[in-house]
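Q: Chains as they are written, first to last, in the working numbering: chain E, 63 to 865; chain C, 245 to 398.
Keep in mind that a hint or two might mislead.
Stated by the list, open to error - In silico DSBU-like links for lysine-lysine, alpha-carbon gap of 35 Å or less:
1. C:LYS267 - E:LYS738
2. E:LYS673 - E:LYS645
3. E:LYS779 - C:LYS359
4. E:LYS779 - C:LYS269
Don't read these hints as lab results, they were simulated from the structure.
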Amino acid sequence: MEKSLTRYIWSNTRLQQIWILLVVAVSMIPYFLSFDLPKQIVNGPIQGTGFETPGATQTFMRIQYDVPYFGEVLFFDGLELTRFQMLMALSLVFLFLVVINGLFKLYINTYKGRLGERMLRRIRFELIDRVLRFPPANFKRVKSAEIATMIKDEVEPMGGFTGDAFVQPALLGGQALTALIFIIMQNFWLGMIAAAIVAVQGVVIPRMRKRLIDLGRQRQLTARELSGRVGEIVDGIGTIHGHDTSNYERADIAARLGLIFSIRYDLYQWKFLVKFINNFLAQVTPFLFYSIGGYLALQGRLDIGQLVAVINAYKDLPGPLKELIDWDQARQDVQVKYAQVVEQFNVDRLVDPQIQALVPEPVDPLQHSINAVNLTLLDDTGAPLIEHVSLEIKPGETVAIVGTSGSGGEALAEGFARLIWPEQGRITIDGKDILDLPESITGRRIAYASSDTYFFHGTLRDNLLYSLKHAPLTKVEYEGKSAAQYKWNINEARRAGNPELDLNSDWVDYVSAGVTGPHDLFTVVRPVLDAVLMSQDILDMALRSTVNTAAHSGLTDRIVELRQALRKRLKKEDLEDLVVPLKLDAYNPQATVGENLLFGTMKRPMMTNRKLAAHPYFRSILRETDLHLDLYAMGLEIAANAVELFQDLPPDHPFFQQLTFMTADDIPHYQQLLQKLEGRGFDDASQDERSSIIRLSFSYVEPRHRFGLLTDELMAKIVDARARFHNNMPDELKAVIERYDPERYTAAATLMDNVLFGRVGFTQVDGSSVYASSCARFSTGCNFMKTFSPSGWILMSALAASA
Amino acid sequence: MLLKDEVEMLRRVPLFSGVAPAKLKLLAFTSDRVSYKAGQTLFRQGDPADAAYVILTGAADILSDSPSGEIKVAEIEHDSIVGEIAILCDVSRTATVRANSALEALRISKEHFLKLLSDYPEMTIEIMRVLADRLSHTTTELSEARSKQKQAAK
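Hey, can you work out the whole structure from these sequences and the hints?
A: Okay, here's the thing in structure tokens:
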């Protein structure tokens, strides 16, 4: 990578920089015109110069130029305007110039900003591209958090600087130079004094800044190390807890923060010292003008008018100069950061981009033997893992290298997988070193499953198919808005030196997997999962997840079919009472009172039990049906039973596992509550007390808790309340509560719940698989799933939906 | 069947007859109610023992494997407990128990059963009493059987 940031910026944004310089130059014209205009307005129409006689007019906007060899050319005759008309006309011109100046500023800033953002994108991409091409040994030296900080934070200021890299010095330098030349024109020697002071500023300040730059570098390094350490603490938290070394880590972090503080404080002090000296030098010039110039004027060697003109002209010098110096500081700051980052990313033996070139075509199996020739591999410390190994593996041969761990077998495999690069000797295929072969051959035709594999963040499907994603294989057709967006994306990517690969394309190489497309992919995935004994786990996982219904509408219809098929099958096998189905007009005794009342699923986290209980509509339904009184009485009974059963037990007693509707810590609270509420009615209880009592009733399941609290009448009442609740439900609740529907898929419920569409009876046990209902839920569910979906791919699709 | 009915049933089981009703209620609450159809198996000979069963309604056959197939050793009815010995001595099931009619039972897990014993010594003493009683019965039967055998030998 280019070592100098300025050169890097210039070589990548040359044309844009020239363009913006031109625009800035052009923008100067209206800028200077607007300077002159107020004087014209005041002198002309307001003070009356040129309108001495009433009714006098003046020419406005006469455009006339003296073209060489051609004589006077009149472009526009101009308008004859009275004093008032002139005032209005000039004021409007002023307003026009204000707008023009504003628009120029807007354009320039936007352009510079965009330039900077593109630059940032380019640098970041280039750095990550380098990470992808680092030789393996490099990763042992750098911490991932440090690389992340460099790419994310350290290069960020470079984007902001890019826009100003050339425009700012040109503009400010021009302004300062103009002021200086003007001073010199007024009086040569005073001009020389000013120039000398500027020269001193130009020499002294950058020297003092050397230390600032040095401190800036230290600040950057320590901050990067800090983020590396933070990453280590997070990754190694188990080790830290396991060895009680958290205080050692605290000490280390405190020491680092102390060092960072001292560097930053030092930096801070220097920065303001430099500022002070800079300001002092800027103010010394007028002192010299006053004293020396004044002395000369007294002596009569200098015209007083000239002195005043010089002092006036000097006012325009320090402003641009200061900004120029600030710009220079920013430049050096960014340059240091850039150099630091580049140093980390300029590594030897970077993988040649050609080796990772995009190859969309399938790659044929290897036809030649793999040879290791006099191979020596070293570990990070330089100790040999294997020495002078030569072997040949012919196509079709199965070779096992047997040995204890660390005896070199793994090292050889890692060598074949290019995870270790040979120190001596080489590994060849058909005489070519595998390090020189494109990754499209080695990456697709050589596989190594080491013990430390990496699981990418994403769906299971993404991870299972990861090894097939080599190139974008389909061309996505975009239409309308998305087409315009796509075009824009591609253009921007090109401008920032990013590749034009479409992430939305289908990257999965079905042909190499031996299938024709996504629909029959499962025929090759399933045997693999079976072979590694994972099919059952994946089925279980799928059943416990919710499905992204938008992406898998076909699947959800199948699930509803499956639901009905399951019901028939259970009937046929005389297992009908295993699952109690959910029916809109019937109470499901195996579900909780709350579930029976709600008869649907809540979309969490937008809606929770607590939020629903507090919702005015829900409350009004309870009041309307008097159900709140029943539930309150029920809650009291439940509390009384729970307190009676559990009050003597210590809080960590295993029996508390059975207590589903409260925790051990709640017992004393309910004990007090019961004493307080004893013999008093619903109306005497406070709002909080009511809800903590009613809450208990929601989790009650008669066959499980067996307190005998549900009568037929009460169940009918709950079903009635359910109907009322769903009938006039306000839209805000409809959006977050999905009613159970036998004919429809419930998006917010798990796949298993959707298939069963009912509750497994608590008392139902099949043979020896007795324990509780959950086992029964899954095992029966899975078996039926397998029976009904031989392709099974729908489950895999479901997985894709669950992260 | 409700918790209080189960407590009544438990009290009729000799093993629990001396235990205070409040504790029986806790035992019932923390146990699972399970129901079986005729022909379903509660547990099989050789299975690891993880629970004892109190039969609430219905009846079950106790079957023992033999070279000639399963032999019915005994039949148990409601108000009796089965499988408790195996969880006390940590041995695998010594027989198979299969429902011969629709059967309701209370499944007391081993962990809970042992916890109850350690929490309530009076329950332990009660169980010791029942076990000792059974042992003396068995001893008496054994000596009777031996004396019969000796007489037959003479």
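Q: Hints first: check each against the structure and report whether it holds.
A: Hints, one by one, checked against the model:
no., hint, result
1, C:LYS267 - E:LYS738, "holds, 26 Å"
2, E:LYS673 - E:LYS645, "holds, 25 Å"
3, E:LYS779 - C:LYS359, "violated, 41 Å"
4, E:LYS779 - C:LYS269, "holds, 29 Å"
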